[in-house]
Amino acid sequence: MVNCFTCLAGKKLEIIKALPSIHLNVLSADEQDALWKTVWTVSSQSNRMGMCLESDLKISSPITGIASQGIWFGTVQLPPSGQPILMMAEHQTTGGYPRLMEMVSSERSKLVQLRSGRQNSIFADYSGRG
-13 MVNCFTCLAG KKLEIIKALP SIHLNVLSAD EQDALWKTVW TVSSQSNRMG MCLESDLKIS
47 SPITGIASQG IWFGTVQLPP SGQPILMMAE HQTTGGYPRL MEMVSSERSK LVQLRSGRQN
107 SIFADYSGRG
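Okay, so the sequence shown: first residue is -13 according to the numbering used here, each after it adds one.
Don't take each hint at face value.
Dumping the calculated DSS-like pairs for lysine-lysine here, alpha-carbon to alpha-carbon at most 27 Å [said to hold, decoys possible]:
no.: 1; residue 1: K96; residue 2: K3
no.: 2; residue 1: K(-2); residue 2: K44
no.: 3; residue 1: K96; residue 2: K44
no.: 4; residue 1: K3; residue 2: K44
no.: 5; residue 1: K3; residue 2: K23
no.: 6; residue 1: K23; residue 2: K44
no.: 7; residue 1: K23; residue 2: K96
no.: 8; residue 1: K96; residue 2: K(-2)
no.: 9; residue 1: K23; residue 2: K(-2)
Computed spacing ranges between beta-carbons, pair by pair [to be verified]:
no.: 10; residue 1: N33; residue 2: S92; range: 19 to 25 Å
no.: 11; residue 1: V98; residue 2: D19; range: 15 to 21 Å
no.: 12; residue 1: A110; residue 2: N11; range: 16 to 22 Å
no.: 13; residue 1: S14; residue 2: S102; range: 16 to 22 Å
no.: 14; residue 1: T79; residue 2: K23; range: 28 to 34 Å
no.: 15; residue 1: K(-2); residue 2: S113; range: 23 to 29 Å
no.: 16; residue 1: R101; residue 2: A15; range: 29 to 35 Å
no.: 17; residue 1: Q99; residue 2: T50; range: 22 to 28 Å
If you are wondering where the hints come from, they were derived from the structure by calculation, not from laboratory data. Glycine residues also receive a C-beta, built at the ideal position from the N, C-alpha and C atoms.
Taking the hints into account, I'd like the entire structure generated from these sequences.
Written out as structure tokens, the structure reads:
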């Protein structure tokens, strides 16, 4: 992962520890790899319900047919736009979009410090599988 930092020399990035979630495997291996290495910008459309994340990464095909399920603070869902939403403190209780990642709960304090409009965060696979 060190290589993905070289293109942003001089910028401070927050590493957000996350675990793969139940629908991550619906992405291709290349898309999964890109998801973990992408540097995300917090959208100005974010609020206490969800942090909208932006990047150049686009998931190639829409993922449909996901049954509505319980979600929690830290769930990263992928809506049809292809740009993930990280569920925040006042998130809804269920969601029907694919769950790609689950943020490690100890990372919550980092999230509130992220500012919109800046390339400022990257997810780190904390599962120990890589």
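Right, here's what the structure says about each hint:
no. : hint                     : result
1   : K96 x K3                 : holds (10 Å)
2   : K(-2) x K44              : holds (24 Å)
3   : K96 x K44                : holds (25 Å)
4   : K3 x K44                 : holds (21 Å)
5   : K3 x K23                 : holds (12 Å)
6   : K23 x K44                : holds (13 Å)
7   : K23 x K96                : holds (18 Å)
8   : K96 x K(-2)              : holds (13 Å)
9   : K23 x K(-2)              : holds (15 Å)
10  : N33 x S92: 19 to 25 Å    : holds (23 Å)
11  : V98 x D19: 15 to 21 Å    : violated (28 Å)
12  : A110 x N11: 16 to 22 Å   : holds (19 Å)
13  : S14 x S102: 16 to 22 Å   : violated (29 Å)
14  : T79 x K23: 28 to 34 Å    : holds (31 Å)
15  : K(-2) x S113: 23 to 29 Å : holds (25 Å)
16  : R101 x A15: 29 to 35 Å   : holds (32 Å)
17  : Q99 x T50: 22 to 28 Å    : violated (35 Å)
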